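Residues per chain are reported as follows:
There are 2 protein chains.
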Amino acid sequence: MERIEHRACFGGWQDVYRHHSAVLDCEMNFAVYLPPQAANERCPVLYWLSGLTCTEQNFITKAGAQRYAAEHGIILVAPDTSPRGDAVPDAEGYDLGKGAGFYVDATQAPWSRHYRMYSYVVDELPALIEANFPASDARAISGHSMGGHGALTIALKNPGRYRSVSAFSPIVAPSQVPWGKKAFAAYLGEDREAWRRYDTVELVKSATEKLPLLVDQGDADEFLATQLQPELLHAACESAGHPLTLRMQRGYDHSYYFIASCIGDHIAHHARALR
Amino acid sequence: MERIEHRACFGGWQDVYRHHSAVLDCEMNFAVYLPPQAANERCPVLYWLSGLTCTEQNFITKAGAQRYAAEHGIILVAPDTSPRGDAVPDAEGYDLGKGAGFYVDATQAPWSRHYRMYSYVVDELPALIEANFPASDARAISGHSMGGHGALTIALKNPGRYRSVSAFSPIVAPSQVPWGKKAFAAYLGEDREAWRRYDTVELVKSATEKLPLLVDQGDADEFLATQLQPELLHAACESAGHPLTLRMQRGYDHSYYFIASCIGDHIAHHARALR
Numbered sequence: 001m002e003r004i005e006h007r008a009c010f011g012g013w014q015d016v017y018r019h020h021s022a023v024l025d026c027e028m029n030f031a032v033y034l035p036p037q038a039a040n041e042r043c044p045v046l047y048w049l050s051g052l053t054c055t056e057q058n059f060i061t062k063a064g065a066q067r068y069a070a071e072h073g074i075i076l077v078a079p080d081t082s083p084r085g086d087a088v089p090d091a092e093g094y095d096l097g098k099g100a101g102f103y104v105d106a107t108q109a110p111w112s113r114h115y116r117m118y119s120y121v122v123d124e125l126p127a128l129i130e131a132n133f134p135a136s137d138a139r140a141i142s143g144h145s146m147g148g149h150g151a152l153t154i155a156l157k158n159p160g161r162y163r164s165v166s167a168f169s170p171i172v173a174p175s176q177v178p179w180g181k182k183a184f185a186a187y188l189g190e191d192r193e194a195w196r197r198y199d200t201v202e203l204v205k206s207a208t209e210k211l212p213l214l215v216d217q218g219d220a221d222e223f224l225a226t227q228l229q230p231e232l233l234h235a236a237c238e239s240a241g242h243p244l245t246l247r248m249q250r251g252y253d254h255s256y257y258f259i260a261s262c263i264g265d266h267i268a269h270h271a272r273a274l275r
Numbered sequence: 001m002e003r004i005e006h007r008a009c010f011g012g013w014q015d016v017y018r019h020h021s022a023v024l025d026c027e028m029n030f031a032v033y034l035p036p037q038a039a040n041e042r043c044p045v046l047y048w049l050s051g052l053t054c055t056e057q058n059f060i061t062k063a064g065a066q067r068y069a070a071e072h073g074i075i076l077v078a079p080d081t082s083p084r085g086d087a088v089p090d091a092e093g094y095d096l097g098k099g100a101g102f103y104v105d106a107t108q109a110p111w112s113r114h115y116r117m118y119s120y121v122v123d124e125l126p127a128l129i130e131a132n133f134p135a136s137d138a139r140a141i142s143g144h145s146m147g148g149h150g151a152l153t154i155a156l157k158n159p160g161r162y163r164s165v166s167a168f169s170p171i172v173a174p175s176q177v178p179w180g181k182k183a184f185a186a187y188l189g190e191d192r193e194a195w196r197r198y199d200t201v202e203l204v205k206s207a208t209e210k211l212p213l214l215v216d217q218g219d220a221d222e223f224l225a226t227q228l229q230p231e232l233l234h235a236a237c238e239s240a241g242h243p244l245t246l247r248m249q250r251g252y253d254h255s256y257y258f259i260a261s262c263i264g265d266h267i268a269h270h271a272r273a274l275r
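Sequence lines, in order, name chains A and B.
Under full-length UniProt numbering, the residue at position 18 of the first sequence is numbered 18, and the numbers go up by one with no gaps.
Under full-length UniProt numbering, the residue at position 20 of the second sequence is numbered 20, and the numbers go up by one with no gaps.
In short, the hints are calculated from the structure, not lab data.
Note that the structure is predicted; figures quoted are calculated from it, not measured.
It is possible that part of the hints are untrue.
Dumping the calculated DSS-like pairs for lysine-lysine here, alpha-carbon to alpha-carbon at most 27 Å [claimed, not checked]:
#, chain 1, residue 1, chain 2, residue 2
1, B, K98, A, K62
2, B, K182, B, K98
3, B, K98, B, K181
4, A, K210, A, K157
5, B, K62, A, K62
6, B, K181, B, K157
7, A, K181, A, K98
8, B, K62, A, K98
9, B, K157, B, K182
Produce the entire structure from the sequences given, and follow the hints as far as they go.
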């Protein structure tokens, strides 16, 4: 593991590391923000999963989250969104292949060797963080768009592993929308049962742990009707009796300006669960 | 004037406009953040001048300043750093030509036709802002690196025009350091008297208005010794009796992580003078 960026930020350190991921079989970057409190104590960790086209850089440069993490004493960990490198297969378009791992473990060729972001985020990365940084085992997870899908599905599939979960503009029903159908067909094949295991509105139906879901969605989001459809999550949670706070935020779009505007509230939400 | 970006942000709007600049003789972009208060009243304006290689985008995507502007009811205006377009001359290297206007009015060919960022920032842009937005004539100015140089020199050269001024990691003595010497030789020629009229440590010597200077400088800044040399500003202000708050910030480098960490304090400083 090599530290490739190290920058003072809100009294702590915004770092970026490169390591060889055994799960993904490639070199990967991830970002870690260490709040000032981490100099003296183990701190809880909020994992942030980014959306399509992002790397580990987008969240750390644009969201302004470090201020709130420093206030609450929370470590922020932001992985990349897919395996990387010349040996990793890719596809035309921004919504499949590199930058579009969709937080699943692919089962289909040529994707299945490297595209295992689910296991990377759930197992390999937390083990690395908890072994090498002043991190406690108190974990929370959040993300945006494809990463909101990742955060919600990962929390629902791993009861007890995360103390809290939230999402911005998540893809809540990938099995039903163009982004998800394209990615799942490629990564998981045509078996719709496999798709359901990575679909928030499907997972809510059988969730044993009723971890409350916090979701913010801009009502001026350009992908609202075609790709996001938060009403499907609302209906699924209502039907299953799963606790959901879904906030439609007036005027906001799909950009990091929306995330920056609301990330403080999400981090406060996670801090209440984590500390 | 055409609005090319319009995004909800902290209860206000982060917009970007394109217009034809008569002063620069080209199409220019500038960013305007309108805080929530601007929906109901005229608000004071903080002009932000960015550093080498930047456009109007860097500050609005990376500094996290909108949160504080929304708290204090301040409009943020961030111009580009040079004239733009195919007709505008450029040079090899990131520190001359496009992205490196240095906030001077060039007098030398081929630069003098377009490279007039001083007059653009002092006259044309504020006139446009005050005529077309809910802006009062209460102005403040700040900036980073080359833009810190711009903010300090523009405030010192225009007594009464700005209520407050601050800078991050400014080039305080461009006549004495490589970045400044290269740019001033090209834009202003070899007449050192012309250089002194755009040099903070020179301008402080004869400033009639003792506008206090607030300067933050990271002590891990990679350009500290070669290009920035804040000790020259400290000595000049002490010698001239000019009020200066120069804060060496431990561990911080030249990046936007430094700006993000301290911009809240700068905006509070400007708010005290503006409102």
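Cross-check of the supplied hints:
1. B:K98 / A:K62: The hint holds at about 24 Å.
2. B:K182 / B:K98: holds, 14 Å
3. B:K98 / B:K181: holds, 17 Å
4. A:K210 / A:K157: holds, 11 Å
5. B:K62 / A:K62: This hinted pair holds, its Cα atoms lying about 5 Å apart.
6. B:K181 / B:K157: Holds, at roughly 20 Å.
7. A:K181 / A:K98: holds, 17 Å
8. B:K62 / A:K98: The hint holds at about 24 Å.
9. B:K157 / B:K182: Distance ~22 Å between K157 (chain B) and K182 (chain B) Cα, so the pair holds.
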